[in-house]
Each structure stands twice: as structure tokens, then as C-alpha cells.
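Let the sequences and hints guide you as you build the complete structure.
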Amino acid sequence: MTDITAPPVREPLVQRINWVEIGPFIALVLLAVVGMLINPDFLSATNITNVVTRSAFIAIIAVGATFVISSGGLDLSVGSMAAFVTGIMIMFMNALVPSMGANAIIAGMALVLCVGALAGLFNGLIVTVGKIEPFIVTLGTMGIFRALITFMSDGGTIPIDRSLRDPFRPVYYGNLAGIPIPILVSLAVAVVGAFILYRTKFGRRCAAVGANEEVARFSGISVGRVRTIAFVIQGICVAIAAICYVPRLGAATPTTGLLWELQVITAVVIGGTALRGGKGRIWGTIAGAVILEMIANLMVLSDFISEYLVAAVQGVIIIIAMLVQRFSKQP
Amino acid sequence: MLRRNLLGAIGLATLLAAVPAFAQEQKVIAVSIPAADHGWTAGVVYHAQKAAEEINAAFPNIEVIVKTSPSATAQVSALEDLSATRQPDALVILPHSSEELTGPVQSVKDAGTFITVVDRGLTDPTIQDLYVAGDNIAVGSTTAKFLVDNLGGKGDVVVLRGIPTVIDDERIQGFEEGLEGSDIKILDIQYANWNSDEAFSLMQDYLAKYPHIDAVWANDDDMLLGVLEAIEQSGRTEIKYALGGNGMKEIIEKVKAGDAMTPIETPYPPSMIKTAIYMTAAQFNGQAPVRGTVKLDAPLITQDNADEYYFPDSPF
Numbered sequence: 001m002t003d004i005t006a007p008p009v010r011e012p013l014v015q016r017i018n019w020v021e022i023g024p025f026i027a028l029v030l031l032a033v034v035g036m037l038i039n040p041d042f043l044s045a046t047n048i049t050n051v052v053t054r055s056a057f058i059a060i061i062a063v064g065a066t067f068v069i070s071s072g073g074l075d076l077s078v079g080s081m082a083a084f085v086t087g088i089m090i091m092f093m094n095a096l097v098p099s100m101g102a103n104a105i106i107a108g109m110a111l112v113l114c115v116g117a118l119a120g121l122f123n124g125l126i127v128t129v130g131k132i133e134p135f136i137v138t139l140g141t142m143g144i145f146r147a148l149i150t151f152m153s154d155g156g157t158i159p160i161d162r163s164l165r166d167p168f169r170p171v172y173y174g175n176l177a178g179i180p181i182p183i184l185v186s187l188a189v190a191v192v193g194a195f196i197l198y199r200t201k202f203g204r205r206c207a208a209v210g211a212n213e214e215v216a217r218f219s220g221i222s223v224g225r226v227r228t229i230a231f232v233i234q235g236i237c238v239a240i241a242a243i244c245y246v247p248r249l250g251a252a253t254p255t256t257g258l259l260w261e262l263q264v265i266t267a268v269v270i271g272g273t274a275l276r277g278g279k280g281r282i283w284g285t286i287a288g289a290v291i292l293e294m295i296a297n298l299m300v301l302s303d304f305i306s307e308y309l310v311a312a313v314q315g316v317i318i319i320i321a322m323l324v325q326r327f328s329k330q331p
Numbered sequence: 001m002l003r004r005n006l007l008g009a010i011g012l013a014t015l016l017a018a019v020p021a022f023a024q025e026q027k028v029i030a031v032s033i034p035a036a037d038h039g040w041t042a043g044v045v046y047h048a049q050k051a052a053e054e055i056n057a058a059f060p061n062i063e064v065i066v067k068t069s070p071s072a073t074a075q076v077s078a079l080e081d082l083s084a085t086r087q088p089d090a091l092v093i094l095p096h097s098s099e100e101l102t103g104p105v106q107s108v109k110d111a112g113t114f115i116t117v118v119d120r121g122l123t124d125p126t127i128q129d130l131y132v133a134g135d136n137i138a139v140g141s142t143t144a145k146f147l148v149d150n151l152g153g154k155g156d157v158v159v160l161r162g163i164p165t166v167i168d169d170e171r172i173q174g175f176e177e178g179l180e181g182s183d184i185k186i187l188d189i190q191y192a193n194w195n196s197d198e199a200f201s202l203m204q205d206y207l208a209k210y211p212h213i214d215a216v217w218a219n220d221d222d223m224l225l226g227v228l229e230a231i232e233q234s235g236r237t238e239i240k241y242a243l244g245g246n247g248m249k250e251i252i253e254k255v256k257a258g259d260a261m262t263p264i265e266t267p268y269p270p271s272m273i274k275t276a277i278y279m280t281a282a283q284f285n286g287q288a289p290v291r292g293t294v295k296l297d298a299p300l301i302t303q304d305n306a307d308e309y310y311f312p313d314s315p316f
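Residue numbers (the UniProt record's numbering), protein chains in the order written: chain S, 1 to 331; chain G, 1 to 316.
No lab work stands behind these hints: they were computed from the structure.
Note that the structure is predicted; figures quoted are calculated from it, not measured.
Don't be surprised by glycine CBs; every beta carbon is placed ideally from N, CA and C.
Not one of these hints is a red herring.
A short list of chain G residues far from chain S (calculated; beta carbon distances all over 12 Å):
hint, residue
1, I55
2, D110
3, I127
4, G153
5, I167
6, E180
7, S182
8, E238
9, I239
10, T275
11, D307
Beta-carbon label-pair distances, calculated as ranges:
hint, chain 1, residue 1, chain 2, residue 2, range
12, S, I132, G, G292, 52 to 60 Å
13, G, Y210, S, M91, 33 to 41 Å
14, G, I163, S, F25, 28 to 36 Å
Structure below.
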């Protein structure tokens with residue numbers, strides 16, 4: 001009797017810390033220290049702001065990818081999808097300018113969220129109803145979305161109407177209390193994402209489906225529905241990223257979002273989410289996205305690496321980060 | 001039974017279609033180019049299609065067929081299909097890559113076809129009857145000379161490279177040669193892969209790294225668009241010039257408008273495909289022998305001659 005009610009023995013502090021959980025943040029701090037040693041300008045407010053703002057697109061999309069990956073899926077189409085929904089949004093806004101003026105931006109934002117959700121639903125339904133591997137489905141849609149944006153732009157550029165440039169500009173370049181809007185948007189997306197993943201029934205089901213599909217099915221979870229919703233969340237996240245992206249360069253081109261899918265997957269995995277599913281870490285994902293951008297920034301700021309080898313160094317750092325995480329995993 | 005009838009019908013139809021061609025000495029020019037996947041190739045496709053329309057309208061005895069291919073492998077298949085179905089009298093080709101296309105073009109040549117090669121050369125130059133290309137070294141050196149003249153022979157510049165290829169290497173080589181003998185220093189040179197997003201990031205990093213920059217050279221206009229946004233956002237005022245290359249219409253518009261930061265442009269015109277098609281057509285109509293090598297120069301485009309390089313309907 002006393003045995004059961006006795007307070008649990010406290011483990012030593014070192015063992016209570018979940019190193020995988022905080023690993024990405026330690027890596028972030030280490031990179032910042034290295035950065036400061038390489039170039040004192042690294043920690044200047046402008047540089048840090050630029051780097052974090054730039055990582056916002058990947059971070060926002062990667063929050064969605066955390067859902068897809070933790071539920072045991074994979075989405076290779078996000079880069080192409082980003083280019084496609086960006087193109088649709090710009091063409092729609094340009095068409096509305098004569099009748100609506102600057103309000104076309106609001107309409108464009110509403111439309112792009114719908115288009116993103118539909119694009120995600122499309123991926124999700126083929127995966128779940130069609131019962132095809134997500135890898136193959138999204139490999140297919142990656143080609144489809146990329147071809148559509150190339151077709152829509154005739155291989156060239158779809159620029160935003162000149163009269164919309166100024167009113168839309170603040171969405172990327174503006175700030176609120178000194179914090180750039182894209183950073184605020186990605187924080188908001190992360191907070192909502194973390195709430196859904198950690199605090200709702202859907203979030204727990206996501207992880208359950210990713211951990212073991214059979215067990216989840218026997219415990220009465222509609223596996224197909226959970227997976228489909230994860231893809232829809234991914235689509236909405238891509239649309240939110242597109243909203244922040246459009247005012248940056250004011251155009252969509254066939255090279256928009258090229259290879260973003262790989263950066264997104266890397267950010268998610270660096271953040272501590274298992275690629276085989278079963279566990280998602282939203283804040284780790286955000287840290288992962290910032291780490292990727294920070295490495296690229298440091299490579300430019302440092303002077304002692306040949307421009308031909310920059311990509312190799314980036315690759316090595318990512319692999320080391322993953323190895324460190326792997327070997328520090330708790331039993 | 002049905003099968004045999006069908007085959008017979010197809011055979012007859014082919015024969016009927018072929019007869020008028022023989023009767024009028026119809027000449028077929030096949031044009032094989034990469035599919036539009038970014039600004040410059042989009043321009044190539046546009047100008048190739050324009051040339052085909054114009055020549056088909058002007059010369060009833062010449063038919064120009066344009067075929068785009070998304071990859072080197074697809075281009076090889078397209079060549080095989082073309083030789084099998086149309087037996088073109090001339091082939092104008094902008095090869096995806098030199099090594100992979102050399103063999104297939106050789107076999108088209110062996111069938112007696114006139115070969116015009118554009119932009120990227122084949123590994124064996126003896127295959128081509130006509131070669132038309134731009135001058136990548138001049139793209140770099142023309143820009144460098146402008147900077148030397150207009151910065152008073154001294155200053156600090158940063159350079160954005162494209163994708164590691166011969167084209168990029170030649171432009172950089174031309175630029176570095178153009179700066180020789182002046183006191184203009186290249187502070188930094190990094191890859192941005194001919195992509196405006198990557199150029200935006202790289203330019204932000206350059207601005208953080210160097211407190212004083214006199215000029216930026218982006219070697220391509222897609223990258224220049226990203227550079228200009230990054231400069232505008234930073235609010236830095238010491239940068240006198242931000243220059244690109246290739247002749248994108250948005251940049252030509254800036255030149256026409258007398259933009260202070262981008263007052264000039266150097267062309268590596270996608271319209272070179274049009275030059276090549278017209279020259280190839282010339283020998284079928286007017287018996288103008290066109291064998292040889294044509295290198296289009298990369299002259300300085302200024303406010304005065306910008307109209308000549310401005311194609312408002314082109315996607316590039």
C-alpha cells in the first residue's frame with residue numbers, strides 16, 4: 001500500500017532532460033556562437049532579423065510537414081505547390097484590381113487559402129482513398145504543380161500588378177513592435193500547430209497513426225481521415241507561406257520554391273521528428289528551419305571556404321547535427 | 001481483317017500526305033529546343049515560335065516545325081521521332097547538353113540533314129554546318145568596362161554567380177578580364193543559381209558582411225531582381241550600380257526609363273534562335289550559302305538603343 005502511494009524517486013537532472021527535444025535549440029546556440037566568432041556582424045540586429053525572416057517560408061511549410069510526417073506520410077510537392085498557389089493568387093489579384101483596387105489583396109489571401117487547402121485535400125485523398133504511397137502521389141503532384149506554374153507563366157514571370165506592390169509590401173517588409181511580420185506569422189502558425197498537435201484529440205491521433213497504423217485502426221481511429229486532414233493542414237500552411245512570399249519579390253516564376261521540399265523535410269528531421277512517423281515536434285521544426293538558413297548565412301559571411309565547397313559544408317553540418325541527435329537519444 | 005484494313009488506310013493516308021510535299025519541293029526545317037523552364041528558355045521558345053510563324057507565312061515552300069523537350073533524354077527521343085516521321089532537310093538545335101546530344105545529332109546528319117547548332121556546342125564541332133551563339137565572355141567584359149569607366153577606375157564590387165557551368169565560368173572570366181588594370185576589387189563572389197530568391201538572400205548577406213559596396217553584378221537578370229529588392233529593403237544608399245545580363249524585358253524597361261541604379265544592360269539574347277532559323281531558311285530560299293560560325297556580340301544596351309532589344313510580348 002505504502003509502496004504505491006510513495007512519491008516517485010526523482011531522477012538526476014541530466015537524465016530528466018530530453019536531449020532530443022532540446023537538441024535543435026542547442027545546435028542553434030552553438031551555431032550562433034560560431035557565427036559570432038567568424039564575423040562580429042553576424043549578431044547584428046539586421047543580420048539576425050534577415051536570417052530569421054527568410055527562414056519563415058520554410059518554417060511555416062515545415063509546420064504543416066510535421067503533421068504529415070508524424071502521421072506517417074511525406075509530401076514532396078510542397079515546393080511546386082507553393083509556386084502554383086502563388087501564381088494563382090497573383091493572377092486572381094491582378095484580375096480583381098480594376099474593380100476592387102487594393103482590396104484585391106484580401107480576396108487573394110482568402111482564395112489562396114482555399115486553393116492551398118484543396119491542393120492538400122487532393123494529395124490526401126489520392127493517398128488515403130486511392131491507397132497509394134504518399135511518396136509516389138506527391139512525386140506525381142510535384143510534377144503537376146510545377147508544370148502548371150510553368151504553363152501559367154509561359155515559362156517566364158507572373159508579376160503582381162504595380163498598384164498592389166506598395167499596399168502589399170508590408171506583409172514581408174513591415175514589422176510590428178520591431179518584429180518583422182513573417183516572423184510573427186510563423187510564430188502564430190507554430191503556436192496553432194503546437195496546440196493542435198499536442199493538445200487536441202486530432203494531434204494525438206496523428207502520432208498514433210504514424211506510430212502504428214494497425215493498432216490505431218483497431219482502437220477505432222479513422223486512419224484515412226486523420227491522414228487526409230494532415231495533408232489539408234499542409235496545404236493551408238503552403239498557402240500562408242505563399243501570402244508572405246508574394247510581397248518579397250512580387251512575382252511567381254517556374255523556379256519559385258525550387259527544392260523547398262527538401263529543405264522542409266530537412267528542417268522537420270533536424271527538429272527531432274522521426275521520418276518514419278509517430279512523433280512530431282513543432283518547435284524543433286521551427287528551430288530546424290532557422291538552423292538551415294543560418295548555416296547558409298554563415299557560409300557567406302565566412303571568408304575561408306571556397307564558393308565551390310559551400311554546399312558540401314552545409315551537408316556535413318546537417319549530417320553531424322543528425323548524428324549528434326541519434327547518439328544522444330535516451331533509451 | 002479489320003486490322004489489315006486499318007493498316008492499309010494509315011498507309012494510304014501517309015502516302016497522300018507525302019505526295020504534295022514531293023510535288024512542290026517542300027523543305028522542312030525542324031527546330032529542337034529545351035522546354036521553357038525559366039525566363040531565358042521561355043524567351044527561346046517564344047522567339048522560335050515567332051520565327052516559325054513568320055517563315056511559314058513568308059515562304060510557302062518552307063515548313064518550320066518547333067519541338068520543345070524538357071530534358072536531354074527527351075530531346076534525343078524527339079530527334080529520333082523527327083527523323084522517323086518527317087526526315088527534315090535542316091535541323092536547328094539548341095542542345096540540352098553537349099555530350100548527350102552529339103551522337104544523336106550525328107545520326108540525323110548522316111541522313112543528309114543540314115545541321116545548325118545554337119548556343120551550346122556539340123562535342124564534335126565538325127557535325128555542324130552552321131553555329132550561332134552569343135558571346136558570354138563579352139557579357140562579362142562589357143559590363144566590367146562600363147563599371148571601370150563609370151566608377152572612375154576604383155571601387156568595391158560584389159558578384160553573384162549562376163549555376164556552375166561553362167556559360168557562368170565564361171561570364172565571370174570576361175568580367176575579371178574586363179576589370180584587369182583597374183583598381184576595382186571584387187569583394188566577394190558566390191553562387192545564387194540564377195534564382196531570384198537565392199539572390200535576394202545572398203545580397204542581404206553581402207550587405208551584412210560589407211559596410212561599403214560600390215556596385216553589384218548579378219550576371220543574369222532573374223538574380224538582379226532579387227538583388228534590387230534586397231538593396232531597397234536595406235535602405236543603403238552608397239551602392240551606385242546594380243547590373244545584370246541577358247536582356248529581360250523588365251530590366252530593359254528600367255534602362256529605357258533611365259533608371260539610375262540600372263542604366264545599362266548586356267544581352268545574351270534568346271532571340272539568337274530566331275537568327276539561326278532565319279539563316280537556315282536563307283539557303284532554301286534564295287540559295288544563300290550560310291555555312292560557318294556566327295557569334296552575336298554582347299553590346300552595351302543604353303537608353304538610346306534599348307528599343308532594339310525590347311520584346312514586350314515575350315515572356316522574358
